[in-house]
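Sequences listed follow chains A and B, in order. If you use the numbering used here, the first sequence corresponds to residues 1 to 267, in order. If you use the numbering used here, the second sequence corresponds to residues 1001 to 1303, in order.
These are computed hints drawn from the structure, not numbers from a lab. The C-beta atom is built at its ideal place from N, Cα and C for all residues, glycine as well. One should not assume that every hint holds.
Some chain A residues flagged as far from chain B (calculated, every beta-carbon gap over 12 Å) [to be verified]:
{"hint": "1", "residue": "Phe35"}
{"hint": "2", "residue": "Ala36"}
{"hint": "3", "residue": "Ser92"}
{"hint": "4", "residue": "Glu158"}
{"hint": "5", "residue": "Ala200"}
{"hint": "6", "residue": "Arg230"}
{"hint": "7", "residue": "Tyr239"}
Here are the simulated EDC-like pairs of lysine to aspartate or glutamate, each with C-alpha atoms no more than 20 Å apart in a straight line [stated by the list, open to error]:
{"hint": "8", "chain 1": "B", "residue 1": "Lys1215", "chain 2": "B", "residue 2": "Glu1280"}
{"hint": "9", "chain 1": "B", "residue 1": "Lys1262", "chain 2": "B", "residue 2": "Glu1251"}
{"hint": "10", "chain 1": "B", "residue 1": "Lys1131", "chain 2": "A", "residue 2": "Glu158"}
{"hint": "11", "chain 1": "A", "residue 1": "Lys212", "chain 2": "A", "residue 2": "Glu202"}
{"hint": "12", "chain 1": "A", "residue 1": "Lys7", "chain 2": "B", "residue 2": "Glu1173"}
{"hint": "13", "chain 1": "B", "residue 1": "Lys1068", "chain 2": "A", "residue 2": "Glu202"}
{"hint": "14", "chain 1": "B", "residue 1": "Lys1269", "chain 2": "B", "residue 2": "Glu1280"}
{"hint": "15", "chain 1": "B", "residue 1": "Lys1215", "chain 2": "B", "residue 2": "Glu1066"}
{"hint": "16", "chain 1": "B", "residue 1": "Lys1186", "chain 2": "B", "residue 2": "Asp1167"}
{"hint": "17", "chain 1": "B", "residue 1": "Lys1068", "chain 2": "B", "residue 2": "Asp1008"}
{"hint": "18", "chain 1": "A", "residue 1": "Lys7", "chain 2": "B", "residue 2": "Asp1130"}
{"hint": "19", "chain 1": "B", "residue 1": "Lys1186", "chain 2": "B", "residue 2": "Glu1173"}
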Amino acid sequence: MFVEELKRIFRRPRNLIILGLIALVPILLGVVVRFASHGGPRGGGPAFFAEITQNAIFLPLAALASMETLILPLAASIIAGDSVAGDAANGSLRYLLVRRVSRSRIIHAKIVAALVYTLALSLVIAAVGLGAGSILFPHHQVVTLSGLSISFVHGVIEALLAALVVGASIFSVTMVGIAVSTFTSSSLAATSIAVTVAIASEVLDAIPQLEKIRPILLSNYWSAFINIFRSPVLTGPIYKDLLEQLGWMAVFYLLAVFNFSQRDITA
Amino acid sequence: MTSVIEVDGLTKRLGAQRAVDGVSFSVSQGSVFGFLGPNGAGKTTTIRIIVGLIYPDAGSFSLLGEHKSSRLHRVLPRVGSFIEGPGYVPYLSARQNLDRFLAAEGVHRRGRAPLIANALEAVGLEMVMDKPVGRYSLGMRQRLGLAQALLGDRDLYILDEPTNGLDPSGMREVRRLIGELASLGKTVFISTHLLSEAEQICSHVAFMSQGRLIKTGELGELRSGYPQRLRVVGSPIGRLRALMGPSARSEGSSVLVDCDPKDGPQLLKSLLADGIEVSEFSWITPSLEDIFIAEVGEGFDVR
């Protein structure tokens, strides 16, 4: 069932176009920085933006940082919102259920497949960014944020790790989308709600007076992946990020599984 | 005879409306059971309960001997279902859609291709099996839905409005398919609001109206409970009508009257004796539509 769900996601032209467009971002970013800005960007912009011209490793990292706040949550929400609601709307959900496929198996397959797609989004950015960066920028030893040098291969591994952390940071948004998707036959409604939750979290995160509730906001540790590029790696914020994602995921996982197991399939 | 579907006092409320209200009936193995009623009578809701898509508020049911909704997955592999139209992923082809259902069911990859080919051939879609279903016409999608129900060898076929959206030849094909399934000893439970269609294929029927079951039984037995109608064509028609009694009524050149078949020979003799030139003397069996209207009343969506 999981494989079938993955096929459903990756055979959908819309989802492939999303992946394609997302893959274009690091290429465009690299080309613009390489050819359109003389002397490279000076300060400002998302994390690692100023370092892009120094090393190929920084292009995927800058791309991840710039897309983590809106484009990645949006792309993940589209797939998550469609996961159950899409099948309910087109009627294929009822035909899965009358073919001895248990509700538990269906919802778990959909959850895992949507999480895999979420990870694929950040990994595509990292892979394309590394490829484009290697063509456009130097690829020698990398100077980390702590000022120490690491080998290029070490840098590639850390960039891929950063992509995994960024992908995992969006898991909460994906799970919100799936949970909402079990309540409706409208993919658009489920997607909109998941995106709204993500944006609301970022807005609340930016309000100083709400500092006390920050630790429970799903976007609070989204920039934690930057700490991978410290020597040694600063694991604390990364663990906090993953733990927070787990908390949000647990709540919405239970909501999704409970509602899907009880819900009347009338669509 | 063994029952493959047993429903007892089934009740389901959808919103403020009681969609199914204390419905009880039984479907015998090997029968072609027509579940009849107008749109909104509660047929689809009942079917959804039987296959485990929605949960009843009250009452019980069993499907192929299984009583619990949570254990229906044990018997569902023996059931082919078509419920309220086709369900498909529009950007996948017919072959990919059917493959998805079989894979989810746990059928091995090598076993899927022949099952898919047979089902698509049965509904005449084998030539377009690799075209995305989103580009299919309404009738083609309906056929795909039927192909999905026909995947594999099942003991029971539950078909909810299977001829919706089909042209007359498509409807005839579906009737032929159902006849073939019945001849193989399969049980077919078909829900429809088309009484003429049901009359041609069903051995048993149940009438639904406003969430309630009005009547159920073997079609022949139901018919025997209703008066036969005598149709006589003769002249002079005025005198013929007068001789046939006060309940007789004219319809074109013929006179119709409800009467007991055993009184027929005597009536014919008296008509001839009175000098009526009789050119036709025949019995009309009550149609399913006549029976339904007698039981449920007018206002049925008959086509």
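Structure-based check of all given hints:
no. : hint                    : in the structure
1   : Phe35                   : 37 Å, holds
2   : Ala36                   : 37 Å, holds
3   : Ser92                   : 4 Å, violated
4   : Glu158                  : 37 Å, holds
5   : Ala200                  : 31 Å, holds
6   : Arg230                  : 44 Å, holds
7   : Tyr239                  : 37 Å, holds
8   : B:Lys1215 <-> B:Glu1280 : 34 Å, violated
9   : B:Lys1262 <-> B:Glu1251 : 23 Å, violated
10  : B:Lys1131 <-> A:Glu158  : 44 Å, violated
11  : A:Lys212 <-> A:Glu202   : 14 Å, holds
12  : A:Lys7 <-> B:Glu1173    : 33 Å, violated
13  : B:Lys1068 <-> A:Glu202  : 46 Å, violated
14  : B:Lys1269 <-> B:Glu1280 : 13 Å, holds
15  : B:Lys1215 <-> B:Glu1066 : 25 Å, violated
16  : B:Lys1186 <-> B:Asp1167 : 25 Å, violated
17  : B:Lys1068 <-> B:Asp1008 : 13 Å, holds
18  : A:Lys7 <-> B:Asp1130    : 16 Å, holds
19  : B:Lys1186 <-> B:Glu1173 : 17 Å, holds
Hint compliance for this structure: hints 3, 8, 9, 10, 12, 13, 15 and 16 are broken, all remaining hints hold.
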